[in-house]
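Colleague: Work out the full structure, taking the sequences as your base and the hints as a guide.
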Amino acid sequence: MLLFKSKNGKKEQSKPGKVSEGLWIKCPSCSEIIYKKELERNLEVCPKCNYHFRIEAEKRIKMIFDDGSFKELFNDIKPQDLLNFVDTKKYKERLKEDAEKTGLSDAVISGVGKILGIAAAVSVFDFNFMGGSMGRVAGEKIARTFRYAIENKLPVIIFTSSGGARMQEGIYSLMQMSKTVALVSEFNRTGMPYISVLTDPTTGGVSASFATIGDVIIAEPKALIGFAGPRVIEKTIHQSLPEGFQRSEYLLEHGMIDMIVERKNLREVLKKMLTLLINE
Amino acid sequence: MALQYLDFEKPIIELEQKIEELKTFNLGGFTDVEDEINNLEAKKEKLIKDIFKNINSWQITQLSRHPLRPYAMDYIETAAENFIELHGDRRFMDDKAVVGGFCFMNNERVLIIGHQKGRNTKDKMCRNFGMPHPEGYRKAQRLFKLADRYRIPIVTLIDTPGAYPGLGAEERGQSEAIAETIYELLNVNVPVISVIIGEGGSGGALAFGTGNRVLMMEYSVYSVISPEGCASILYKDTSKTEEAANSLKLTAKDLLNESKVIDGIIAEPLGGAHRDPKLAAENLKKAVLENIAELKKYKGEDLRNQRIEKFSKF
Ligand SMILES: [Zn+2]
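Just so you know, the sequences run in chain order S and H. Letter 184 of the first sequence, counting from 1, is numbered 183 in numbering that gives the first Met the number 0, and no numbers are missing. Letter 87 of the second sequence, counting from 1, is numbered 86 in numbering that gives the first Met the number 0, and no numbers are missing.
Simulated from the structure, these hints should not be mistaken for laboratory data.
Quick look at which bits of chain S chain H covers, simulated, 3 or more residues with Cβ under 8 Å:
(1) 183-193
(2) 247-258
Below are the PhoX-like pairs computed for lysine-lysine, each with C-alpha atoms no more than 25 Å apart in a straight line:
(3) S:Lys152 with H:Lys144
(4) H:Lys17 with H:Lys52
(5) S:Lys271 with H:Lys285
(6) S:Lys178 with H:Lys144
(7) H:Lys45 with H:Lys9
(8) S:Lys70 with S:Lys113
(9) H:Lys123 with H:Lys277
(10) S:Lys100 with S:Lys25
(11) H:Lys296 with H:Lys309
(12) H:Lys248 with H:Lys259
(13) S:Lys89 with S:Lys77
(14) H:Lys248 with H:Lys312
(15) S:Lys152 with H:Lys298
(16) H:Lys284 with H:Lys259
(17) S:Lys25 with S:Lys36
(18) H:Lys296 with H:Lys144
(19) H:Lys295 with S:Lys152
(20) H:Lys259 with H:Lys295
(21) H:Lys144 with S:Lys270
(22) H:Lys22 with H:Lys43
(23) S:Lys100 with S:Lys58
(24) S:Lys61 with S:Lys113
(25) S:Lys221 with S:Lys270
(26) H:Lys252 with H:Lys284
(27) H:Lys284 with S:Lys271
(28) S:Lys271 with S:Lys61
(29) H:Lys95 with S:Lys271
(30) S:Lys271 with H:Lys144
(31) S:Lys221 with H:Lys95
(32) S:Lys70 with S:Lys270
Simulated coverage check for chain H against chain S, where a stretch passes if three residues somewhere in it have a Cβ under 8 Å from a Cβ of chain S:
(33) 82-88
(34) 133-145
The model shown is predicted, which means the values in this text are computed figures rather than measured ones. All C-beta atoms, glycine included, are put in the ideal place defined by N, C-alpha and C.
Modeller: Structure follows, in structure tokens:
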């Protein structure tokens, strides 16, 4: 299954910080009880401890793109169960359930939009759909985002939030890694920038493919970013991991990302970045 | 606390203190005191000119390491707009002895890569005294490649005592890191301007030094070894540092007129860059932009070939 699971892990992993039902919500990081409306006004960031909640792709798009500028693309691609896969549940059922739960057909929304006036091709992962896992649909949408950008001379921005490859699609999901990297390689010949924005969590087949070969890599604060999930590592080496391991701050220090940007500054930084790097 | 001035600057500092005292004393604005202040200011200017007229190689070496000398980030602050620093080699760590990022200089997009020294003790440690580890060179390589792909000119600001002689640096392939950086910078298809702003210490400096144009700030130095190192290794006598500085021919004038290793000198404010860092940065910006404008007349491939030819000749 996914390298990242949200059940029965350590404190940090056990509460993925998804906004739950009701008017109030408890911050998984500092336990503060927050009024949901206030949380929303604060871009889903805890006003007390700055914890960045995971957010739906749709909300992300609303936060980043100029009003009315976003146009969804490739939404006709739908998942298939080529392997008739069954684990504790049928893959078909999982797809159906998560489609009902999220209103999405798979874990990625792609499109084109403007950030403070600058156009970009974009894909956004939604963790609520099967842990943001990348199967053939997600892979194809990422690939088409790059292709669209090549054809239209646009920069690319991808927001990841994913446990990795979708095990239920077997080898087909693995092949999405090479497919997306192949398209990044094609895209790089255009001289346009590709900015990768890593949000909580970005692991496995997504972190080990297109997500970590962006020209510029930005992460939200304290996002979990790594290849193997922390619980898998702990089980393998029989040791508990140091505080902050695989978090954005740890990655910055270890040279793996360019910068950590708070959600409230993301729009402005992306715009500045694109202005600098797009050389007409 | 370390002294914030050099031995030969002492008479200037004393005069400055006197002027300061008079100014504090003269808050009432008495004209005769005012006259005295102006008198001393004129005297100071003449004194600086006299001292700097006969400045020797060792004194220039000391100036290049002056505790108040502007560092890469100081130049960036004045000469660049919208600088966004990028971090990391994507492999092991972010080396803080090297800074890099894209920015505008007037309307020109540039990538700036520079060695960065620290100002106070803590900062100095964090920047490792401007001595890069392999990761610093690898961060630079990564950004050189991006600039090449975006067709954005590259400006390097060189200011390092040298590469870091440490265990970890060797374990992680310091030699290869420097060699590969030289290779990458020689091969990009965009204008490259290298400016030595302080210490140009051996391989650590050369890694960023293969520009189409190599410029030096007036009181910077560029050498295969420090005068101290040379005195100790070749002269076997550490008291011979001053003599070694002379023999190494490491000043901007030596390198422009004799060995022709560099292409131009950027004037520093009277008394050295630290006396007016803003003016020093303006001078640097002007020189860099002039050179970029000239180089932009050539095709990317030609710029690459020019560099290969230039550095094949030495
Ligand atoms: Zn909180």
